[in-house]
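Starting from the given sequences, assemble the full structure and let the hints guide the process.
Protein chains: 2
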Amino acid sequence: MTAGQRAPTPRDELATWRRLQQLADAPERPGSAAAHSLTACGLTLDLSGQRLAPPILDALLALARECDLPGQLRRLFEGAPVNASEHRAALHTRLRALDADGLPQDPEVAAHFRGLENLAERWRQRRLTGFAGQPLQHLVNIGIGGSDLGPRLVCAALAPERDSRFVANMDPEDFHTQCDGLDPGRTLFIVCSKSFGTAETLYNLEQARQWLLAAGCPESRLPHHLLAVTANAERARAAGFDDEHILTFQDWVGGRYSLWSSIGASIALTLGMDGFRALLRGAQAMDQHVLQTPPEHNLAALLGLTDVWNFSFRHCHSLAVLPYAQRLALLPMHLQQLMMESTGKRADQQGRLLGYHTGAVVWGAAGTTGQHSFHQLLHQGSQRVSCDFILPLAPGAPHPARPLSELDRLGHRQLVAHCLAQMQALRQGEEKAALRRRLEAEGRAGDELEALLPQLEVPGRRLFNLLTLPRLDAWHLGALLALYEHRVYCASVLWGINAFDQWGVELGKRISSELLPWLEPGHPERAEQAPEELRTVIAAWHRANAPQGDPTAS
Amino acid sequence: MTAGQRAPTPRDELATWRRLQQLADAPERPGSAAAHSLTACGLTLDLSGQRLAPPILDALLALARECDLPGQLRRLFEGAPVNASEHRAALHTRLRALDADGLPQDPEVAAHFRGLENLAERWRQRRLTGFAGQPLQHLVNIGIGGSDLGPRLVCAALAPERDSRFVANMDPEDFHTQCDGLDPGRTLFIVCSKSFGTAETLYNLEQARQWLLAAGCPESRLPHHLLAVTANAERARAAGFDDEHILTFQDWVGGRYSLWSSIGASIALTLGMDGFRALLRGAQAMDQHVLQTPPEHNLAALLGLTDVWNFSFRHCHSLAVLPYAQRLALLPMHLQQLMMESTGKRADQQGRLLGYHTGAVVWGAAGTTGQHSFHQLLHQGSQRVSCDFILPLAPGAPHPARPLSELDRLGHRQLVAHCLAQMQALRQGEEKAALRRRLEAEGRAGDELEALLPQLEVPGRRLFNLLTLPRLDAWHLGALLALYEHRVYCASVLWGINAFDQWGVELGKRISSELLPWLEPGHPERAEQAPEELRTVIAAWHRANAPQGDPTAS
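As you go down the protein sequences, you meet chains A and B in turn. Oh and the first sequence: position 124 is 124 in my numbering, straight run, nothing missing. Oh and the second sequence: position 267 is 267 in my numbering, straight run, nothing missing.
Just to be clear, a hint being listed does not mean it is correct.
No distinction is drawn between identical chains; accordingly, a pair holds when it is met within one copy or between any pair of copies.
Derived lysine to aspartate or glutamate pairs resembling EDC-like cross-links, with alpha carbons at most 16 Å apart [stated by the list, open to error]:
hint, residue 1, residue 2
1, 432, 506
2, 432, 532
3, 509, 206
4, 509, 430
5, 432, 450
6, 432, 108
Derived from the structure by calculation, the hints contain no laboratory data. In this text the structure is predicted, and so the values were computed from the model without any measurement.
Structure representation (structure tokens):
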């Protein structure tokens, strides 16, 4: 909030919010699972698993009006400083606003885009060569958070056969596990960091340099293998990159919204520019749907409203993302960052501590694997979880060299049946009388039967969304990812929070550098000077890392 | 409960439970973060991040006594039917009860163990050969749930360089992504299913057969490439396996506790028998600690008590598992199954619906990667999450051919600093006055400063455990995994629930086969006969999979 501006009423003092609270406190009405599905950009959202009785849906839509959700969406697209605490716009939609020729309409974005296009073209033509003159063919992305999760997901979803690698962690095991076995002379590292000050990324850049040098790359040829992607070209230059090996993007691109920018370089190289453009086009189509559609028919608004209802009113504390597609196995991790970093806030934009829950824990795994793991809790647990089932209806584009077999088609058909069956089980449960008959038929009776019945009962009436895609391709994946971005923004507007900052992550970074002196190898006495609550563990660290120590001692 | 046995008092009517409820309802006392750490089997648990004031810890230990936790642990180890709803013992501890010679003490377990040892020895010596006579060298595990997650985790943690593959999902993409690029003539499939009736596993077995046949393997030589691991040898025989290619294990091994049994074949082949034995030995040591130690010094009991306090009394709904070790990146997924399938229950063993929360959602990721993703919510979110930090204090055993570099050591030291810093930030937050001074120094003032302060404040007083290992090796990993198994059992005793059944997963399987007829390719009219709430999506499926359809239509 700028000084002098009148502070909006706290959300939980709005008339519509109070109405929702009354509805939440009232006993739930039965029979509210009416069919409720909408389609946009080829994606169909079925909300019937949320059991939103008409008065609840009406009250949620009234909240959207009272919060001026359509106006706030316009502000986002127009470049208003929606990230107020950092005085910044959040213009990721501009990254995918392509003209009829498939070029970004914004001139600055177009300039970055052409840099990427040029790189991707040289990569495709194998004109990028390594220190010994061989064409580069292995791609390793170095980055963490938004410089990792989005590109990693898209590459795994659309071209797993290319085997592009991603190194993120400060743990040196990550670099070695990903790079062992690659031919250094043929490896290109794309080093992504918005600030070019990310500790993990600079560390792994150094690992890459040492790995190349150890393989015989002359110092002077290191630049052949290293490409920087950053919004801070100056710092990349200071780290040894020349302008020819730096791709840039704008400061208003938030990390978790950056896969559409030059940070998507590994996507562009892995899929080719056509694939990257199709991804952007799908997102662009979703942007237009979200911007132009009133809340009652707007997929992002309805999902955001449902999140607010579930997490603030309905005692639901987590969202399970369940893609029924192995290629989307990394989707929960990407959405974890997108949703939890954006909505894990406890104060509104006016600085008032909130009296209601905001963003929930986001987790999940690809179906059917989760069915053999955590679905037990979804069906019979005591926690209220809302599930997002995400289902591409046709089998994925197969490996270019391998047509789909009948067996592949059968597997996919069974996969679809499992997805729908899980929804049915969550929705309906099993009728108690039927369960009793089944147990009696198995010979159970008396006290044993009575004790078993509640342990076996699946109650149903659990919460879920279903999102279907005709198939998993770049265009529909782009639309899907953009939908989640807008869902998050809609929820943040309804909660009155800033979806684009992440102040909570700074403190740990600062403390980390303060702790390093106590972890000075060969100086176990430093443990005594460390903060009291860490002395035991720091002393243990010195023992475990003592060079003269018996390596078999525990 | 057996008929005639007197039902135990419901947990929430116990005097100790009521006492805990009073403590939970009282305002929290400050200054209760006293140092509280214990060591067993080389693992140190620091509980200080749970801020258990002495009266709370006393009341929790009183609950353990009232529930006869030590007696219930003895029942588990003695083979009492602790899985009452299935009339079964849960004797996974017997799988790792080795004698001085490193052989299982139980004769039947020993017989299975020798079968595995024999196989691992022939694998090591490259005496297993494929259809064209080449030695087998690629290992692909086919299994799902417990037949996948545990072995997958252990292989990734201890021998990522061996590149053993794991196929689990019904989605055919999983098989193809894992197996593309392997040489069929050199590939061994280990097909794991306790019942040998698991749909996904039988499906992927068929994929393996077709893949081998397509590569020129004669039908008669398929058995060279396929090994079954099951507790139901008869069904494996019916599926075409001869006894020579079947490894068995006992019916009392639960899926999520089965990595210690023949289901660990991929572990034994990947690590060698010495590594597998060290894993078992570590678990065995932890078993003895847990069985023999009174609750107040028992790591598993204290963790279980803390879970009960957090999830049933403290409005905490999830547990974030944060291993600061890239090699443990799959640990959250393994624990997700172990904990959520075991404690996602809503009725006690007497069939009474519970009035309190039991098992929570388990999720997480390897640090430091999560710091750039969801840690924002941990530090500043509105949800209460408890975190398990898991930290090996020394860098992992490196690739056999590559000694640790100075850069590797530096990275690991920074990794440790980050782990401890995250704990400090969660514990202490940032003093508000210091934050104000920092913002003033940056030139912020007036209304803007006041609005920013709460948005930037990191409040601290969040919940966490720290578990340190001297280093990540087979022995300590075995101890760690056994500790979590016992923690789950302890919590289940305190909650009065069955940790060893999973009735909630059956209904979805049944419904799935009922739905297949509506998904008959080429019969779009079937959609009209499907359950009403599925007609739209089933019709869309038929459109998306129509053979004559325009492949570019959405």
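Hints versus structure:
In this assembly of identical chains, the alpha carbons of residue 432 and residue 506 lie at most 16 Å apart only when taken from different copies (15 Å versus 52 Å within one copy). In this assembly of identical chains, the alpha carbons of residue 432 and residue 532 never lie at most 16 Å apart, being 57 Å within a copy and 21 Å across copies at closest. With identical chains, the CA atoms of residue 509 and residue 206 are never at most 16 Å apart, being 20 Å at best within one copy and 50 Å at best between copies. In this assembly of identical chains, the alpha carbons of residue 509 and residue 430 lie at most 16 Å apart only when taken from different copies (12 Å versus 50 Å within one copy).
Within a single copy, residue 432 and residue 450 get their C-alpha atoms as close as 12 Å, which meets the 16 Å cut-off; across copies the closest is 56 Å, which misses it. In this assembly of identical chains, residue 432 and residue 108 lie within 16 Å of each other by CA distance neither inside one copy nor across copies; the values are 63 Å within and 40 Å between.
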